[in-house]
Amino acid sequence: MAHARAAEQPAEVPAWSLPAAARERISLPATWPERVTREWALGESTGKGVRVCVLDSGVDADHPLVGELEGAVVVTVGEDGATEVVEDTQGDVSGHGTACSGILRTLAPDCRLFSVRVLGAGAIGSGPVLLAGLRWAVESGFDIVNMSLSTTKRDFAPTLHDLADQAYFRRTMLVASAHNMPVESYPWRFASVLSVGSHGGTDPLEYYYNPDPPVEFFARGLDIEVAWAGGGTVRSSGNSFATPHLAGICALVLAKHPELTPFQLKSVLYLTAANVGDAA
Amino acid sequence: MTDRDELRAAVAAGVLGSEDAYRELLRSIVEVARGIFRAQASSIFLHDEETDELVFEAIAGAGSETLVGHRFPSSTGIAGWVLVTRQPLVLENVAESPHFARDVATGTGYVPKGLMAVPLLHGERALGVLEVLDRPTDARFTLEEMELLGLFANEAAIALDLLRSARRAKAALEGAGDVAVVARIAAALEKLEGERREAGLRLLGALEEVLEAEKPGAL
Numbered sequence: 000m001a002h003a004r005a006a007e008q009p010a011e012v013p014a015w016s017l018p019a020a021a022r023e024r025i026s027l028p029a030t031w032p033e034r035v036t037r038e039w040a041l042g043e044s045t046g047k048g049v050r051v052c053v054l055d056s057g058v059d060a061d062h063p064l065v066g067e068l069e070g071a072v073v074v075t076v077g078e079d080g081a082t083e084v085v086e087d088t089q090g091d092v093s094g095h096g097t098a099c100s101g102i103l104r105t106l107a108p109d110c111r112l113f114s115v116r117v118l119g120a121g122a123i124g125s126g127p128v129l130l131a132g133l134r135w136a137v138e139s140g141f142d143i144v145n146m147s148l149s150t151t152k153r154d155f156a157p158t159l160h161d162l163a164d165q166a167y168f169r170r171t172m173l174v175a176s177a178h179n180m181p182v183e184s185y186p187w188r189f190a191s192v193l194s195v196g197s198h199g200g201t202d203p204l205e206y207y208y209n210p211d212p213p214v215e216f217f218a219r220g221l222d223i224e225v226a227w228a229g230g231g232t233v234r235s236s237g238n239s240f241a242t243p244h245l246a247g248i249c250a251l252v253l254a255k256h257p258e259l260t261p262f263q264l265k266s267v268l269y270l271t272a273a274n275v276g277d278a279a
Numbered sequence: 000m001t002d003r004d005e006l007r008a009a010v011a012a013g014v015l016g017s018e019d020a021y022r023e024l025l026r027s028i029v030e031v032a033r034g035i036f037r038a039q040a041s042s043i044f045l046h047d048e049e050t051d052e053l054v055f056e057a058i059a060g061a062g063s064e065t066l067v068g069h070r071f072p073s074s075t076g077i078a079g080w081v082l083v084t085r086q087p088l089v090l091e092n093v094a095e096s097p098h099f100a101r102d103v104a105t106g107t108g109y110v111p112k113g114l115m116a117v118p119l120l121h122g123e124r125a126l127g128v129l130e131v132l133d134r135p136t137d138a139r140f141t142l143e144e145m146e147l148l149g150l151f152a153n154e155a156a157i158a159l160d161l162l163r164s165a166r167r168a169k170a171a172l173e174g175a176g177d178v179a180v181v182a183r184i185a186a187a188l189e190k191l192e193g194e195r196r197e198a199g200l201r202l203l204g205a206l207e208e209v210l211e212a213e214k215p216g217a218l
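So the sequences go chain by chain: S and Z. When we follow numbering that gives the first Met the number 0, the leftmost residue of the first sequence carries the number 0, and every step to the right adds one. When we follow numbering that gives the first Met the number 0, the leftmost residue of the second sequence carries the number 0, and every step to the right adds one.
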């Protein structure tokens with residue numbers, strides 16, 4: 000759990016500067032091999048124990064392709080406009096959260112899935128609901144938050160940016176759908192977030208690093224058989240489905256290498272992308 | 000929208016009867032979208048901010064006679080998800096999903112086999128959703144089609160924004176407030192011709208001078 004990892008840091012670690020005498024205290028074991036390979040990064044991994052939060056429309060916990068859902072909450076809005084996070088018993092209000100969860104379960108079968116529902120309370124006021132849901136997820140210390148969604152409201156950008164940075168330093172990897180339309184939207188544009196677009200391939204474990212950001216990675220996003228709320232499957236396309244593919248790959252890597260920070264996790268993904276170095 | 004913007008839009012609407020024209024444009028967009036994607040139907044939904052609902056605004060193909068004006072929740076179902084998350088979505092083989100069939104049937108009575116849905120974004124706002132139903136499934140969906148869908152969405156968003164402005168303008172013209180009075184005068188002036196128009200313009204010019212002179216700091 001990200002909280003636990005952060006709490007385990009020695010209390011005397013210098014926060015703002017590094018005196019000569021303190022160097023030894025922050026020495027870290029170098030566990031990376033000379034050459035980072037996909038086998039080292041995620042080979043044999045099942046995502047075991049990695050806590051993944053699906054920030055979406057809720058999840059149908061009874062769907063056989065979703066497997067065990069360890070928890071589900073929903074962000075509600077009171078009459079005074081204040082948001083509250085409470086247990087969710089309604090499940091999925093559109094089907095999309097179930098689809099993302101099914102993709103995550105397929106790629107990382109032993110990951111621990113949680114749902115934070117930020118849809119269903121109306122389109123007006125959905126911005127504060129999204130922020131409250133993300134804040135709850137970051138403060139809960141998930142390893143990965145899957146965000147197949149974005150906002151175009153600039154008023155929310157500074158708060159989203161702060162939350163994304165908090166997540167980054169607390170070792171919570173935010174994985175967010177990039178926009179494939181020429182609009183300003185958030186949080187996928189932030190450098191502390193792992194942003195995902197679609198490639199046209201069929202391999203769920205194939206991913207590409209984009210040398211021309213702001214979209215940083217491409218994962219499978221076309222013509223995918225996904226779970227849908229209420230049982231059964233549909234075929235689907237969109238960056239919103241590429242996102243849980245890359246989030247699932249992150250879960251595989253973090254299960255093998257739980258010490259990785261978001262910065263290091265991005266580096267591992269870069270080094271093992273299908274278009275980088277030997278792999279290319 | 001400022002009073003000045005409201006007035007300008009009101010005059011435009013009053014003089015040009017633009018609401019009808021923009022509705023025609025929306026209908027044309029869904030017809031072209033249906034044709035380009037070789038689909039069975041295409042629809043545009045407007046987000047009604049007064050009631051926080053999605054409203055069928057233009058339809059080509061199945062349901063076009065009966066569904067305009069039909070309303071449903073703004074943040075559930077497929078269109079609601081697309082509106083709130085600002086993300087496009089393409090789904091096929093959906094009739095096999097019981098949840099989906101119920102979800103769509105509740106809104107339209109027509110259960111498609113597949114659909115493409117894309118948000119209509121204008122600046123910071125999500126104005127509505129464009130859907131294209133039942134494109135042929137003999138070919139795999141491509142990234143190029145996704146791009147094309149985005150292009151249509153841009154066009155539809157501009158048309159939808161114009162329609163919203165025209166409706167606000169109409170409301171301003173028909174209203175009882177100060178702005179409505181000025182808007183009606185401006186619209187009436189636009190209809191005048193010859194000497195009466197010249198006289199009206201001189202009168203308004205004189206009124207403008209008086210108002211300018213009363214501004215703090217003016218002579």
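Since the hints were made in silico from the structure, they are not lab data. These figures come from a predicted structure and were not determined experimentally. In this text, a Cβ means the ideal position worked out from N, Cα and C, and glycines have one as well. A couple of the hints might just be wrong.
Claimed, not checked - Listed next, the stretches of chain Z that the computed footprint assigns to chain S, with coverage defined by at least 3 CB atoms under 8 Å from CB atoms of chain S:
1) 24-36
2) 40-52
3) 65-79
4) 86-93
5) 146-157
6) 196-202
Unchecked claim - Per label pair, the in silico range of CB-to-CB distance:
7) Gly66/S / Leu142/Z: 43 to 49 Å
8) Leu147/Z / Asp202/S: 22 to 28 Å
9) Arg70/Z / Val275/S: 38 to 44 Å
10) Pro157/S / Glu173/Z: 35 to 41 Å
11) Ala29/S / Leu142/Z: 48 to 54 Å
12) Pro210/S / Pro135/Z: 54 to 60 Å
13) Arg70/Z / Glu138/S: 45 to 51 Å
14) Gly230/S / Val67/Z: 18 to 24 Å
15) Ala20/S / Glu146/Z: 22 to 28 Å
16) Thr50/Z / Gly276/S: 32 to 38 Å
17) Gly122/Z / Gly276/S: 37 to 43 Å
18) Pro210/S / Leu142/Z: 16 to 22 Å
19) Gly122/Z / Thr30/S: 28 to 34 Å
Here is how each hint holds up against the structure:
Counting residues of the stretch 24-36 of chain Z whose beta-carbon sits less than 8 Å from any beta-carbon of chain S gives 0, not enough to reach three: the coverage restraint is violated. Counting residues of the stretch 40-52 of chain Z whose CB lies closer than 8 Å to any CB of chain S gives 3, which reaches the minimum of 3, so the coverage claim holds. Using a Cβ-Cβ cut-off of 8 Å, 7 residues of the stretch 65-79 of chain Z lie near chain S, which meets the minimum of three, so the contact claim holds. With a threshold of 8 Å between beta carbons, the proposed coverage of the stretch 86-93 of chain Z by chain S holds, since 8 of its residues qualify and at least three are required.
For the stretch 146-157 of chain Z, the proposed coverage by chain S is satisfied: 4 residues have a C-beta within less than 8 Å of a C-beta in that chain, meeting the threshold of three. For the stretch 196-202 of chain Z, the proposed coverage by chain S is not satisfied: 0 residues have a C-beta within less than 8 Å of a C-beta in that chain, short of the threshold of three. Between glycine 66/S and leucine 142/Z the beta carbons are some 30 Å apart, a value that contradicts the proposed interval 43 to 49 Å. Checking the proposed 22 to 28 Å range against leucine 147/Z and aspartate 202/S shows it holds: the Cβ atoms sit about 25 Å from each other.
With their beta carbons about 50 Å apart, arginine 70/Z and valine 275/S fall outside the hinted range of 38 to 44 Å. Proline 157/S and glutamate 173/Z have their C-beta atoms about 40 Å apart, which keeps the hinted 35 to 41 Å range intact. Against the hinted window of 48 to 54 Å, the Cβ-Cβ separation of alanine 29/S and leucine 142/Z comes to about 40 Å, which falls outside the hint. A C-beta distance of roughly 36 Å is found between proline 210/S and proline 135/Z, which places it outside the suggested range of 54 to 60 Å.
The hinted range of 45 to 51 Å is not satisfied by arginine 70/Z and glutamate 138/S, whose Cβ atoms lie roughly 37 Å apart. At about 33 Å, the beta-carbon gap between glycine 230/S and valine 67/Z misses the expected band of 18 to 24 Å. Here the CB-CB span from alanine 20/S to glutamate 146/Z is close to 58 Å, at odds with the stated 22 to 28 Å. For the pair threonine 50/Z and glycine 276/S, the supplied restraint of 32 to 38 Å is violated, since their beta-carbon distance comes to about 55 Å.
The hinted window of 37 to 43 Å between glycine 122/Z and glycine 276/S holds, with their beta carbons roughly 41 Å apart. At roughly 18 Å, the beta carbons of proline 210/S and leucine 142/Z sit within the given window of 16 to 22 Å. Checked against the hint of 28 to 34 Å, the C-beta distance between glycine 122/Z and threonine 30/S comes to roughly 48 Å, which is inconsistent with it.
Comparing the model with each earlier hint shows violations of hints 1, 6, 7, 9, 11, 12, 13, 14, 15, 16, 19; every other hint is respected.
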